[in-house]
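Undergrad: Please model the entire structure based on the sequences and the hints provided.
First residue of the sequence shown: 1, per the UniProt record's numbering; consecutive thereafter.
For the record, the hints were derived by calculation from the structure and aren't laboratory data. Accuracy of the hints is not assured; some may be wrong.
Computed list of lysine to aspartate or glutamate pairs in EDC-like fashion (alpha-carbon distance at most 20 angstroms, straight line) [said to hold, decoys possible]:
#, residue 1, residue 2
1, Lys-111, Glu-101
2, Lys-77, Asp-59
3, Lys-91, Glu-101
4, Lys-77, Asp-58
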Amino acid sequence: MDRRSWLWRKSFENSHGETESTGSLSSHSERFSDDQNVIETTRRLAVLLCQRRRRDNDDVQILMERLSAALLNVSLKDDLAKVEKEAAVLKQQLSASVSKELSFEATTALKSRRSRSPPESAPSVDIGVMDDFLRDGEASCSTAF
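TA: Shown next as structure tokens:
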């Protein structure tokens with residue numbers, strides 16, 4: 001433990017013990033050069049980070065536009081599906097209504113035919129002969145009483 005604590009103290013004392021008059025000119029220029037390198041590297045990284053952020057923002061904007069378009073498309077498809085479903089229901093109702101109407105017309109036509117024409121099983125009778133028969137029958141009925 002003592003050894004480690006002395007190691008950092010010694011390095012600190014050595015660097016602290018040097019002054020501008022005792023330090024070499026090359027060590028100052030090296031430190032200045034290192035500082036310049038750090039500044040330049042930091043500047044480059046800042047530019048790269050800014051460019052990356054712009055690209056990321058552009059990508060986010062593009063993805064947001066695509067998402068918005070997809071949501072609109074889904075909404076339109078949902079609306080279309082609802083309209084198609086409603087159209088199918090209306091078509092089914094129309095078909096049922098037409099069937100009822102045709103059934104009603106067929107029933108009405110059949111009833112009107114039956115009321116206008118004599119039944120097919122009844123014998124056909126000449127009306128003039130029937131009138132003569134009825135007059136003769138009335139005359140014979142009235143004389144009988």
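Undergrad: Each hint should be assessed against the structure and marked as holding or not.
TA: Now the hints, each set against the structure:
| no. | hint | result |
| --- | --- | --- |
| 1 | Lys-111 - Glu-101 | holds, 15 angstroms |
| 2 | Lys-77 - Asp-59 | violated, 27 angstroms |
| 3 | Lys-91 - Glu-101 | holds, 15 angstroms |
| 4 | Lys-77 - Asp-58 | violated, 28 angstroms |
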